[in-house]
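Please arrange chain B on chain A, whose structure you already have, making use of the hints.
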Amino acid sequence: MRTVNLREKLLTGVFWLAALAIAAILMVIIGYVVLKGISSVNFEFLFSPPARAGKEGGISTTIISTLYLVLGSLVLAVPIGVASAVYLEEYAHKNSRFAYLVNLTAETLAGIPSIVFGLFGFVFFVIFLGWGWSILSGAMTMAIMILPTITRTSQEAILAVPREYRENSLALGAGKWQTIRKIVLPSALPGIATGIILSIGRAVGETAALLLTAGSSLGMPASVTDPARTMAVHLYILAMEGISMERAFGTAFVIILFIVIINYAAHYGMKRLFPLKK
Amino acid sequence: MKNIIKIKSRGLKVFYGNFQALYDIDMDIESNKVTALIGPSGCGKSTFLRSINRLNELIDGVRIEGQIYIDDKPVYEKDVDVVALRKKVGMVFQKPSAFPMSIYENVAYGPRIHGIKDKRTLDEIVEKSLKAANLWDEVRDRLKSPATGLSGGQQQRLVIARVLAVNPEVILMDEPASALDPVSTARLEELIAELRTDYTIVIVTHNMQQAARVSDYTGFFLNGRLVEYNRTDELFVNPRDKRTEDYITGRFG
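Keeping their order, the protein sequence lines are chains A and B. Residue 692 is where the first sequence starts when you use this note's numbering, and the numbers rise one by one after that. Residue -15 is where the second sequence starts when you use this note's numbering, and the numbers rise one by one after that.
One thing to keep in mind: the hints can contain errors.
To be verified - On the chain A side, residues computed to face chain B include the following (Cβ under 7 Å): (1) E855; (2) N859; (3) A862; (4) L863; (5) G864; (6) A865; (7) Q869; (8) S878.
As the list claims (entries may be wrong) - When the alpha-carbon atoms are kept at most 20 Å apart in a straight line, the in silico EDC-like pairs for lysine to aspartate or glutamate are as follows: (9) K785/A x D44/B; (10) K727/A x E858/A; (11) K867/A x D63/B; (12) K867/A x D65/B; (13) K72/B x D12/B; (14) K785/A x E41/B; (15) K57/B x D12/B; (16) K(-8)/B x D63/B; (17) K79/B x E855/A; (18) K79/B x E858/A; (19) K867/A x D125/B.
Unchecked claim - Away from chain A, derived, C-beta distances all over 10 Å, residues of chain B: (20) N37; (21) D44; (22) E61; (23) A68; (24) K112; (25) V123; (26) L164.
None of these hints come from the bench; they were simulated from the model. We put the CB at the ideal spot given by N, CA and C, even for glycine.
Chain B with its partners taken away, still in its complex shape:
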């Protein structure tokens, strides 16, 4: 079970109208590892992330060329079932956003969407997902209370539980800790480390220490190109590209 490639990007180009956000991205993302995407604002790392679950398509005027493969199956084909894709590839966003319903309903939302109606099955999924997201102990007594009453850090773990509830294989995280306080961030990073056993995680982060702490691999994006991609310990200690070195030593960005 070593070195299985979960996600493969080949010649991926993304355009927003006339603006080209990504240039020929070739990238292999390993299964059951944490891969961090770093780079300054507007470098294309979030665009890349959102290409994996085809969330980019929601933007008016977006055009995508090249291909992404998950488990060697192309993502950008006419007959690809986007619902199945997004079920397989979950996503956690920057701003923790619990839906305005109860904690229970938040976690049950995905399974319900995908047709699970049985109360007992739902109960099990909710409990399992909240446990996996390290939130169960804090909310077990108030599953029926509004989720919007949770703290930011708790909401972000709830969002992760909500993602886990649809049983994904890949979890994309778009700066998941940028709106959290240091304690919540630490808890989130612990959680990411635990989730690695069962999931392939791709995380976009502005925080290089965070990338160094949580990831196995790191990709450095600049101006829509993947400049350098390597094992995290290599990239941070021995950057090969001058621009990577400048970035991680804080000379720009």
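Chain A extracted, bound-state conformation:
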């Protein structure tokens, strides 16, 4: 008995340490970034454009560019991703070859490294279609990149909606689409939102693929055909070209803040919207 107890205690300790390691790593990284970055973050840093390649001035244009690219890729990917998930889970027959093919494609796409998407976007959107380095090329590339994530998480969320909801709704005389729109999608929305948040995280953090497709212009983009530099790309260039470590950390701090705000807003929004509507 004693040895069993001892072993239990030891194992519990090991698991506890593993959990602690996760928390600690996160704390150290975030703490370090915050400590190093917070001193350069002020009103001017957030609201004025970069000067002298980023050595001076702020990061306002990169914040705006990030917003444009994230929004652009979501506008393109969310409708297609959710719609295809609805098709696969609600309309396609179980043994449909087409559904099998789509599932396989989504899974494969999800595993492809982002730089490959970047290369494709560069060759296809930037050069072949002649869109140049632009928000449009970047957003299209990012949309393709996050599409599998949105599709898969939406599929899972739709699948998790109890079958009884659908049966009850149909038995009340509701049509299939009415059932999907009024019951299935609202019930699946928190899961779908999780996929969208993950995708935003990916888009905000992406560098290589965007360097190839959206370029690295520091100017304020005036339209979707203008090139743009996101915060992550800016951070990469600041650090890589030794322009300013201080400002690189400042940018990193803003990126983290950005992600935290998005997560919190999504979480809060979900709580407000669900489980109750009206």
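Okay, now just chain B, sitting in the frame of chain A:
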């Protein structure tokens, strides 16, 4: 108003792929009565029930032959409006499942689907339906709260209110009490007895005491066939078929 036949089944056969779930079911179900369908698991009683509102069609690979008539109108015809059919024939399922929205919205769901938008009309329907389902007094003060917070028994009565809200003539119940505790079951059975005045009720149940308590007629299904169908008091006291007798005396099933 006596002995009006509401639902008529003629030579109904149902196949799931190669498996035949129902063999030539002929059955007349009387208006404003409670008809119970009993039998062991997999005997086809639920399949029969789901054939009446054409919910079977949702299953991949299902094939249906024969015909069901409601008010002498065929259910399985090309030009039958399934929405109108399901409006007329409501259904209560085994697992009480309130939609994840407010109590009010749950009951208003059906009427809204069928195009009622006026707030006052909806209010009236919601109140009337909840009253008819014996739930009004328990929820009148929290119509806007999530329905998922209700107990299983309350949720099942909410589901019935939701069905009543679309003003059906027939209510199908698929083992409605099997997930409920004894007190909730008793309340549900009381409710069924009250609803009989205005609705034709067909109830599938595993519980023979329940069938005996709530129903006027009982049909015994076995291996996809309707073995015996009679007045409930007759069937339970004087079963004609040996297999019915074996089943109701608990020798199998």
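Hint check results:
Taking 7 Å as the C-beta contact cut-off toward chain B, the hint placing E855/A at the interface holds, the least distance being around 4 Å. For N859/A, the interface hint holds, the least distance from its beta-carbon to any beta-carbon of chain B being 6 Å, beneath 7 Å. For the restraint placing A862/A at the interface with chain B, the shortest Cβ-Cβ distance is roughly 4 Å, inside the 7 Å limit, so the hint holds. The closest approach between the C-beta of L863/A and any C-beta of chain B is roughly 4 Å, which is under the 7 Å cut-off, so the hint is satisfied.
Hint on G864/A holds. Least Cβ distance to chain B is approximately 4 Å, under the 7 Å limit. For A865/A, the shortest C-beta to C-beta distance to chain B is roughly 5 Å, which falls under 7 Å, so the interface hint holds. Because the closest C-beta pair between Q869/A and chain B is about 6 Å apart, less than 7 Å, the hint holds. About 6 Å separates the beta-carbon of S878/A from the nearest beta-carbon of chain B, less than 7 Å, and the hint is met.
About 8 Å separates the Cα atoms of K785/A and D44/B, which keeps this hinted pair within 20 Å; it holds. With a C-alpha separation of about 56 Å, the suggested pair K727/A and E858/A falls outside the 20 Å cut-off, and the hint is violated. A distance of roughly 18 Å separates the Cα atoms of K867/A and D63/B; the hinted pair therefore holds under the 20 Å criterion. As the CA atoms of K867/A and D65/B are separated by approximately 14 Å, the hinted pair is consistent with the 20 Å bound.
Under the criterion of a C-alpha separation no larger than 20 Å, the hint pairing K72/B with D12/B is consistent with the structure, at around 18 Å. In summary, the hint linking K785/A to E41/B is supported, as the alpha carbons are separated by about 15 Å, within the 20 Å threshold. Between K57/B and D12/B the CA atoms are separated by roughly 13 Å; this keeps the pair inside 20 Å, and the hint holds. Between K(-8)/B and D63/B the alpha-carbon distance is near 19 Å, which keeps this suggested pair within the 20 Å criterion.
With a C-alpha separation of about 8 Å, the suggested pairing of K79/B with E855/A holds against the 20 Å cut-off. For the hint linking K79/B to E858/A, the alpha-carbon distance of about 11 Å falls within 20 Å, and the restraint holds. For the hint linking K867/A to D125/B, the alpha-carbon distance of about 33 Å lies beyond 20 Å, and the restraint is violated. Listed as outside the interface, N37/B is inconsistent with that label: its C-beta sits roughly 6 Å from the nearest C-beta of chain A, within the 10 Å cut-off.
At roughly 6 Å, the least C-beta separation between D44/B and chain A is not larger than 10 Å, which violates its mark as non-interface. Listed as outside the interface, E61/B is consistent with that label: its C-beta sits roughly 18 Å from the nearest C-beta of chain A, beyond the 10 Å cut-off. Listed as outside the interface, A68/B is inconsistent with that label: its C-beta sits roughly 7 Å from the nearest C-beta of chain A, within the 10 Å cut-off. For K112/B, the condition that its CB be more than 10 Å from all CB atoms of chain A holds, with the nearest at approximately 16 Å.
Distance check on V123/B: its Cβ is at least 14 Å (rounded) from any Cβ of chain A, clearing the 10 Å threshold; non-interface status holds. A cut-off of 10 Å between C-beta atoms confirms that L164/B is not in contact with chain A; the least separation is 15 Å.
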